[in-house]
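Heads up: the sequence lines are chains A and B, in that order.
Quick note on this note's numbering: the first sequence kicks off at 601 and runs consecutively.
Quick note on this note's numbering: the second sequence kicks off at 601 and runs consecutively.
Derived by calculation from the structure, the hints in this document are not laboratory data.
Treat the hints with care, since some could be wrong.
When chains are identical, the list treats them as one kind, so a pair holds in a single copy or across two.
Quick list of in silico lysine-lysine cross-link-like pairs, PhoX-like style, CA-CA up to 25 Å [claimed, not checked]:
1. LYS655 / LYS887
2. LYS787 / LYS1058
3. LYS609 / LYS922
4. LYS609 / LYS812
5. LYS609 / LYS638
None of these values were measured; they are calculated from a predicted model.
2 protein chains.
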Amino acid sequence: MDYQTTVEKWGVWEVSCAGTAEGNPFTQQWIRAVFTGKSETVEADGFYDGDGIYKVRFMPSFTGEYRFCLRASFLEQEQEGSFWVTEPAADNHGPVRVANTWHFAYEDGVPYYSVGTTCYVWELQSDERIAQTLASLRESGFNKIRFCIFPKHYDYNLGEPRSYPYEGTPMDSGVLTRENFIQYTGKTQGNHWDFERFCTAHFAHIEACVEKLQGIGVEADLILMHPYDRWGFSQMNEAQDDLYIKYVVARFAAYRNVWWSLANEYDLMEHKSIRDWERYAAIICQKDPYRHLRSIHNCIAFYDHARPWVTHCSIQRQDLYKSAELVSEWRMRYRKPVVLDEIAYEGNIEHGWGNITGEEMVRRFWEAACRGGYPGHGETFLADDDVLWWSHGGVLHGESWKRVRFLLRILGETPGLGLAEKHRSWDEVCAVPESFTEAERTGYHLFYYSFMRPSFRKFYFDDVYAYRVEVIDTWNMTIEEAGVFTGSFRVELPGRQYMAVRVQKA
Amino acid sequence: MDYQTTVEKWGVWEVSCAGTAEGNPFTQQWIRAVFTGKSETVEADGFYDGDGIYKVRFMPSFTGEYRFCLRASFLEQEQEGSFWVTEPAADNHGPVRVANTWHFAYEDGVPYYSVGTTCYVWELQSDERIAQTLASLRESGFNKIRFCIFPKHYDYNLGEPRSYPYEGTPMDSGVLTRENFIQYTGKTQGNHWDFERFCTAHFAHIEACVEKLQGIGVEADLILMHPYDRWGFSQMNEAQDDLYIKYVVARFAAYRNVWWSLANEYDLMEHKSIRDWERYAAIICQKDPYRHLRSIHNCIAFYDHARPWVTHCSIQRQDLYKSAELVSEWRMRYRKPVVLDEIAYEGNIEHGWGNITGEEMVRRFWEAACRGGYPGHGETFLADDDVLWWSHGGVLHGESWKRVRFLLRILGETPGLGLAEKHRSWDEVCAVPESFTEAERTGYHLFYYSFMRPSFRKFYFDDVYAYRVEVIDTWNMTIEEAGVFTGSFRVELPGRQYMAVRVQKA
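With the rest of the complex left out, here is chain A (with noise of 0.2 Å):
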């Protein structure tokens, strides 16, 4: 048994012990731990790692000394230990959880403002790749990705993983061309897996590349399943499945960056009913010690974002034309944060899913932010080398996403935690701080005009207070004052679009 004696709160905490490799240790042999803090007492799973090493993950919610208690079905008798929780570094805040019903933040009570983006699957790429992708994560201000632990197989995406999930090999794929691969979506024959037996450096990879998001502040949103396909692995048996979503859970549930993700467009696997999805949900609300926060995304009907376990609603734009517009319905209806992981992809591919501008990407992203929505990125430009950042990552192409750092400022200055749209005309989106106490106190309100062109705009809130208002160019990246006003006033505008209008109490 070798483990670490200390860990700070919110960090991993790992044991591993030596056992048996006979046999099938991912389905005939069990580990799992039970950890007892002054303030918490956890039951974790752990999990096979390969030759003969077992391993259980623990991440403490609190300071101070932990007792743990291992059991293992290849150990004789109970094993014992302890170790020391200390603070968290100072860009340690936790997970995020679902705060102020339709926002989130740090389990510490930091704000977490999400504009995310979509590489689906940067961790399978060259190692130059994911040191790229990283980079440019880090030079963005994108605090979350989603991205699936399947390799992805769809245009664009014919090449093979760096690694597969299962040990077997995968059918020969050198007939594949980009004329000729949607027959291979559904096709599974010449594929050779063993579904019960897991290829351990496939997770291990992963695990490192989500510490790597973790260290530099980014969300890890995983996605477990989806339709994009040519393994099999979207088509095993529920018991499959569900070795693997407790694979999963065992393996990644200590990243307090980790966010659950049950699909990709759920709505597109065939060979799932929602009968499977629920039964996915409930093994991770039964495994996941820490109550990572849940999801699971649509490609066209959107899941019952109502069920309990769904923290937070995972959407794919229904419509062509208006996608964040929509939020301020969503947040009526399930009552939940609202995540907009698919609004189109700023690019210029032939889909109409990847090709609009930046200017319509950064309005959407404004539209959402507004009324206390949560907008997600991607990039489809094509490339000669056929890398497009929306799957693969590497360098950012487009001119949306410095304007998301610029938002992500800017909600970063608000009152309070989260906005929600208040109807005041209807010629505007105005944001208002989702607590009424919090509104009251600052008088801040954030107008945004979209594609509207105004000159200028009239305000009146009262006859008592003194507002100071800035103007800020929303594409173009400036925040100019325009004067401190008390009563009915007007504010001048450039007529141009994509403008906000941001007021405060003096």
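Fit chain B to the given chain A structure using the hints.
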């Protein structure tokens, strides 16, 4: 009795008749005539035109000899006469009719693709401004203009009109400012009108304007009532309203380019009920022998466009974001032509209905047109002299109007009469000829990509025919040959917004 002995088909024939000027000729006298040609018998009401002169107008729909029989309250016996109807001039195609359920054609069968503009009271401006507006219209492609018979009181419209529809004196407008104008809406104190005595010069002037529009091929969409009033014209009683409607029909119906728009924003007219609108419509149906097009335009709630007297939907968009995109839904709902008489105006004023970009305006035009709807334009640019096209006419300052002319050219080249949306792929708008026979014969498809930027698109129609493909840049107004293809093919696109592809059998 004084009358023309010849008139062209669909021209205005007129008879003048001296009568009494005593009492109130508008209410106490009447005049009407029955016209009989080989193919039609028409009864038309006349009107009092001041100075003891009464007139009856007639628009013949057939060539050859017509006889008429005139009666009036002030004539002891009926008068008779005849005149000759000649072939119409080359640019005279007759009145516009509904054709092919969702479209329009002139009575001679020439297709009419409506692309309108709005200048609410252009005809009540100075002679110089009116001449300027007519010159602008002639240069543009607009073939319909919406305007009001009553003057307009609204933001940027605080001046007095050149004339009033009634005898009397208006309130003192010297006290009006942009800040207080809203207080005068609904208040009519200080006006002194005789709502039973029309100012005939006001109407004669508007008729001259309608004739000038006719001369440049522009339909006059006459707005009979509207809520933007400080004179009390929106608050007359039933008898006064009915007198007005009858007077308007008697004066204007013989002009072939007249359309009846019962109201601009009927639902803001708080002194009128549905019963009133239905009564006005009944009067028009009864009194207009030529069955000119009839519609009624909303602010918020649509009128029930399914009403039998409504010939086409006159729609103001109900949603800030989606307007032209909903044309197919409205076509299905009402099974009538869908005319979008307000989808926001190109400009930079403070109001959201008047500050979209030229690009967005043109995008809405194409979204509407490719669904077989008929979009309308307007301009609201701030100007030192407060002359805004949307109300006053004058000079066009925007970027969209030239592109409307280009769209009209494309529409003029469609086979058959009118386009309809074909559902092919979710990320495009695909227009085909409304007529299945024409669609089959020509293989015509018009694909529009809106704000999307595909770098190429793939097509397949069949393995039999060769298709000629053109790439259309709807903003830069270019049409480029892309080649002739059979079977599956790929068309290269520039990866810019606002592109279209036109396909036809070679």
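Taking the hints in turn, this is what the structure says about them:
no.	hint	result
1	LYS655 / LYS887	within (15 Å within a copy, 91 Å between copies)
2	LYS787 / LYS1058	between (61 Å within a copy, 24 Å between copies)
3	LYS609 / LYS922	neither (42 Å within a copy, 49 Å between copies)
4	LYS609 / LYS812	within (18 Å within a copy, 82 Å between copies)
5	LYS609 / LYS638	within (13 Å within a copy, 99 Å between copies)
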